[in-house]
Amino acid sequence: MTWVIILVGVIALLVGVAIGFFVARKYMMTYLKKNPPINEQMLKMMMMQMGMKPSQKKINQMMNAMNKQTGK
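Add 14 to a position in the sequence shown, counting from 1, and you land on the number used in the working numbering.
Hint data in this document are derived by calculation from the structure and do not stem from the laboratory. Hints may be right or wrong, so weigh each one.
With a Cα cut of at most 30 angstroms, we get these calculated DSS-like pairs of lysine-lysine [stated by the list, open to error]:
{"no.": "1", "residue 1": "82", "residue 2": "72"}
{"no.": "2", "residue 1": "48", "residue 2": "72"}
{"no.": "3", "residue 1": "82", "residue 2": "67"}
{"no.": "4", "residue 1": "58", "residue 2": "48"}
{"no.": "5", "residue 1": "48", "residue 2": "82"}
{"no.": "6", "residue 1": "58", "residue 2": "72"}
{"no.": "7", "residue 1": "47", "residue 2": "72"}
Every value quoted in this text rests on a predicted model; they were computed, and no experiment measured them.
Take the sequences, apply the hints, and build the full model.
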């Protein structure tokens with residue numbers, strides 16, 4: 015009788031992990047769609063707000079540095 019309780023507990027745990035994974039995946043996809051990662055246009059605007067005159071070379075250097083840091 016105790017093995018049935020243990021089996022039900024293990025199955026419930028596995029189902030919970032699977033459901034949690036898919037819910038978290040769906041949430042992250044929705045979040046990234048609403049809040050996309052930084053792109054060149056955003057970077058250019060940030061540099062202009064800081065009082066810099068962004069050149070395309072500088073923007074490309076910063077984008078490459080950010081991509082390298084995130085592992086893309």
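For a quick check of understanding: which of the numbered hints are violated here, in increasing order?
Hint check: nothing fails, all pass.
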